[in-house]
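Visitor: Residue-level listing of the chains:
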Amino acid sequence: MQFAINISYIVAAILFVFGIKMLGSATTAVKGNRISSLGMLLAVVATLARSDLGYEWIAGGILSGAIIGFIAAKRVQMTGMPELVALFNGFGGLASLLVGWAEYEKARPDWSAYLQLDENNAVPAPWFSAIVIVLAIVIGGITFTGSIVAYLKLSGKIGGTATVFPGQKALNLLVMVGLVAVGALFSITVEGINAQFLFLTTVALSLLIGMLGVMPIGGGDMPVVIALLNSFSGLAAAAAGFVISNTVLVVAGCLVGASGLILTVIMCKAMNRTLGNVLFGGFGATSGGGGKQVEGEMKGISVEDAYYVLEAAQSVVFVPGYGMAVAQAQHAVKELAEILERNGAEVRHAVHPVAGRMPGHMNVLLAEADVAYEQLCEMDDVNAIISTVDVAIVIGANDVVNPSAVDDESSPIYGMPIINVHQAKTVFALKRGQGAGFSGLVNTLFFRDNCRMIYGDAKATVSGLVSQFDE
Amino acid sequence: MELILLLFTFTLAAFLGFELVSKVPSQLHTPLMSGSNAISGITIVGALIAAGQVEGNLSKWLGFAALVLATINVVGGYMVTDRMLSMFKAKKND
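Chains as they are written, first to last, in the working numbering: chain X, 1 to 471; chain G, 1001 to 1094.
Worth flagging that the hints you see were computed from the coordinates, not collected in a lab. We treat Cβ as the ideally placed atom computed from N, Cα and C, and that holds for glycine. Hints may contain errors.
Simulated pairs of lysine to aspartate or glutamate, DMTMM-like, Cα-Cα distance not exceeding 25 angstroms [claimed, not checked]:
| id | chain 1 | residue 1 | chain 2 | residue 2 |
| --- | --- | --- | --- | --- |
| 1 | X | K74 | G | D1082 |
| 2 | G | K1023 | X | E378 |
| 3 | X | K269 | X | D380 |
Label pairs and their calculated CB-CB ranges [claimed, not checked]:
| id | chain 1 | residue 1 | chain 2 | residue 2 | range |
| --- | --- | --- | --- | --- | --- |
| 4 | X | G80 | G | F1015 | 29 to 37 angstroms |
| 5 | X | A460 | G | T1011 | 48 to 56 angstroms |
| 6 | G | L1003 | X | N194 | 25 to 33 angstroms |
| 7 | X | P166 | G | V1054 | 18 to 26 angstroms |
| 8 | G | L1007 | X | G178 | 25 to 33 angstroms |
| 9 | G | E1055 | X | N6 | 22 to 30 angstroms |
| 10 | X | F197 | G | V1054 | 27 to 35 angstroms |
| 11 | G | T1011 | X | N343 | 39 to 47 angstroms |
| 12 | X | G456 | G | L1007 | 56 to 64 angstroms |
| 13 | X | G415 | G | S1022 | 19 to 27 angstroms |
| 14 | G | L1003 | X | E338 | 54 to 62 angstroms |
| 15 | X | T189 | G | L1007 | 23 to 31 angstroms |
| 16 | X | N272 | G | L1003 | 40 to 48 angstroms |
Based on the sequences and whatever the hints tell you, model everything.
Guide: The following block contains the structure:
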């Protein structure tokens, strides 16, 4: 039986690999996700075939988890996707922590008996078992509280900006050093009398560090954090795999860990920042930290006047940002885009890699509104043709279109690749008010001669433009 | 010996993971992330084993909690990913 189970695990791993591969292309993605879910089902069924399990608790656990997961997945709005993904991610991390803990509880009364139980002879000594348990606890714990803080920020339950206080870095460093020390001491003295106390301290410190780590990270850096936590949840599962010597956990967890890390690097590159700067920079907490003074003033324009310009435009680019998600304006945008197309204009949607609060956030919203896949352009493709564009409509995007990134070396975001809407003939910037973006930076785009501000709720503004066309 | 094999597997899986994801278009970053997040729920296997123990009191409770959480991660994760991806697919048929 064990042989059949192991073969099933290998097949499940193959399905995961194919699943992830197919998720990388629009035509095969749906199938890829289903194949990967098939792999998961196989892994679960194979595990249930073990002869040493009692099924009452299992049935209860699976049933309640499945119902909660089902309801959450059905009810979520597309705009609420980042926080739900963060929440699920946190649950995965906590589950890995608990698996590590459960294994420790199994071993604690009698380590020598525990090690003999292991028919595979995978574990050479108590200290090794202890180290992998610590790893599962630490990575799982960080993933859990980190994701929960990210969830609270994304859903607006706590302030989305960076929370910094004096001595924060020193405190974080102290907790981190403490965690390493306690974890190491636990591993060495795992059979000693203080082991349980050290273990519980490890759990507590891991949870603390995840919380402290994400607190100083502001809303606009969330895509990086979410991708990194995703990677962590995979690594936590892999660590749990080492704890119970299970290959499918190691393989699947590691695949997720690696792919999450790649996404993290892509997100960092899109902001021209290092991972260290994102994690420890406290970016966005210090408002107005650099950058030249801006001369001139923001010039507003009414919806009627904007309509006349749009009516004559041959080529229009929409640049959505987090503001579009907040205003839930994606359906109105799609409607306006269709009208403009019927009016003879060429319409594109330009999506910056870090627009929004998670990787690819804007694409999901536009897809929800049925925007054609071909109209979604990546940053480089749009920048190539931007000078021929008549009107660029910026909807609730800010830092990703701030020309300071190109021409102001003293700006904190200097060097970040942006969508060069300032090179378009006309720019309409839809904005709630006159304040700065999440980073606290003044956006020099808004002061340019070719830029006009349309103040107000993005959805109302876009709908207003639509009704102007209808008349 | 088994331990070395596990480490070996881990290393190879890491390289495979890097290869698989390095060229994904940014349109698919969200589904990829939420899809891989669902895969990280594989820890459900460990939770099943812990929750299914015949003996062990605290350990069993911990396993049970892990199982509930991992199942939420797996079921919810796959379903939202499917929802998102279906939207991408729907408009391709236009």
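Visitor: Could you run down the list of hints and mark each one as holding or not?
Guide: Tested hints:
no.	hint	in the structure
1	K74/X to D1082/G	holds (11 angstroms)
2	K1023/G to E378/X	holds (14 angstroms)
3	K269/X to D380/X	holds (14 angstroms)
4	G80/X to F1015/G: 29 to 37 angstroms	holds (35 angstroms)
5	A460/X to T1011/G: 48 to 56 angstroms	holds (55 angstroms)
6	L1003/G to N194/X: 25 to 33 angstroms	holds (27 angstroms)
7	P166/X to V1054/G: 18 to 26 angstroms	violated (53 angstroms)
8	L1007/G to G178/X: 25 to 33 angstroms	holds (28 angstroms)
9	E1055/G to N6/X: 22 to 30 angstroms	holds (25 angstroms)
10	F197/X to V1054/G: 27 to 35 angstroms	holds (29 angstroms)
11	T1011/G to N343/X: 39 to 47 angstroms	violated (57 angstroms)
12	G456/X to L1007/G: 56 to 64 angstroms	holds (58 angstroms)
13	G415/X to S1022/G: 19 to 27 angstroms	holds (23 angstroms)
14	L1003/G to E338/X: 54 to 62 angstroms	holds (60 angstroms)
15	T189/X to L1007/G: 23 to 31 angstroms	holds (25 angstroms)
16	N272/X to L1003/G: 40 to 48 angstroms	holds (41 angstroms)
When each numbered hint is compared with the structure, violations occur for hints 7 and 11.
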